[in-house]
Amino acid sequence: MEWFESAESTLDILQQTALAVGSDAEDALLGRLEKLGFDVISARTITEARELLAARAEDFALVGLAADVSDEEHLRFLEHLRDDHPELPVVAPAKSGGLCALTDQSLNPTLLTSARPANLWDDLYPEWLVRRFELNVADTLELGFGWESFPRHLRIKANRGRHDGVIAAVHLTGEVVGGRVGLYGAHAVLDRLAADLKLGTTNPAERAVDLAGEITNQIAGRLKGDFARRGLLVQLGVPILVEGTDMTLRFREGQPSLMQQVSTDLGDFSVELCLGSRLPADPSVSTDVALECGECELF
Amino acid sequence: MSKGMVLVVDDNNTIRAMARKTLEDAGFSVVEAQNGAIGVSQAKSNDQLKLILADINMPVMGGLDMIRNIRQLAPHARTPILILSTENTKEMMSQGKAAGANGWMVKPFSPEKLMSVVNKLEQR
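These protein sequence lines map, in sequence, to chains A and B.
Take the first sequence: its position 274, counted from the start at 1, is 279 in my numbering, and no numbers get skipped.
Take the second sequence: its position 17, counted from the start at 1, is 669 in my numbering, and no numbers get skipped.
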């Protein structure tokens, strides 16, 4: 991914102030922002938040929305932030802990919600006779769109070693009967695959890491195609992970990321899926999907 | 006797391994690269490549840049290049064609499908 190769814009969270909006009865938002090192100013209501932003938006590094803000209020406020304060990143508490960055300023969350794929897993891997996987990464999609439960799930706890400067670990569980090129899931199958293919590494964790990276890459690619059919150009980064609990919110030219905290035997990590989108303002920009998975076109 | 050398360029170990097995079972020899820069280097070292399989999204150098570079090499001005990618929009495919690729296949794909396309490219 191009964004992956270029220098990312990293927030310096030291001595920065966050605006926390909403009553946040359980202090989920407040606690997480403070844990990240922000000084936090709270606005109990959206009206209060708008007033604070009008008076001193330049003082805030980001805006956090508490879970109690209603959907309609949420959307109107997001549109206000998009129109009047496009420079401000927006985050919300994630279900499984940590924070998730909300959608790009130019994106209507309602549009994404209506555009989510109905049955991604079965459509993507119809010949994949995998059983009992669990897709934790789906939990990261807090606002804008979410995934339905899958009859078969892929558990991804972390991902290691594919990207410079990022360290984590991966564990895949499930039973596999067959699969397509590059897609296998269970340790037992990985062992058989290693024997069949005489793969250089015999470390199950390393093989699982490699597979998790490729599988999530393919899921991201499929999502891009699904959104393109609906007229949305969506930039999806492959999941990357940040080591440890003191993480940095990542943005690249305003592109936010959705994050989920995960716990593994090797420590706590976060799964991060970067999401940015733009509606095609240029008629020459195509969102036409040309090929389905497994298909080929010769030029 | 080998049917020829194929260069497989993908940053994912398993994809390269599966492609290698599929191609070797079909009688090809395989050389691998895990990013576009190494892919260009391998192409410079192997004048007689029958085919190049190229991923798009890779670290260091991506597939499109790699293809453009390889097309500048005299021995590979006409070497068949098949892109293997998760991307599937017309826009991306146009970029691939403009870079010099001869085909585009969307992951995931079966080994049988891969060989079917490889055979078609061989016959061109």
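It is worth saying that the hints were derived from the structure and are not from the lab.
Here the structure is a predicted model, which means the values were calculated and not measured.
Hints may be right or wrong, so weigh each one.
[As the list claims (entries may be wrong)] FRET-style restraints, in silico, Cβ to Cβ:
id, chain 1, residue 1, chain 2, residue 2, range
1, A, E63, B, D699, 10 to 20 Å
2, A, T22, B, R720, 42 to 52 Å
3, A, F304, B, S693, 17 to 27 Å
4, B, R720, A, E92, 43 to 53 Å
5, A, D32, B, V712, 57 to 67 Å
6, A, R81, B, K742, 31 to 41 Å
[As the list claims (entries may be wrong)] A short, non-exhaustive set of chain B residues, derived as facing chain A with CB atoms under 8 Å:
id, residue
7, G656
8, M657
9, V758
Every residue, glycine too, gets a C-beta built ideally from N, C-alpha and C.
Here is what the structure says about each hint:
| no. | hint | in the structure |
| --- | --- | --- |
| 1 | E63/A / D699/B: 10 to 20 Å | violated, 60 Å |
| 2 | T22/A / R720/B: 42 to 52 Å | holds, 46 Å |
| 3 | F304/A / S693/B: 17 to 27 Å | holds, 25 Å |
| 4 | R720/B / E92/A: 43 to 53 Å | violated, 35 Å |
| 5 | D32/A / V712/B: 57 to 67 Å | violated, 44 Å |
| 6 | R81/A / K742/B: 31 to 41 Å | holds, 36 Å |
| 7 | G656 | violated, 19 Å |
| 8 | M657 | violated, 19 Å |
| 9 | V758 | holds, 5 Å |
Hint compliance for this structure: hints 1, 4, 5, 7, 8 are not met, and every other hint is.
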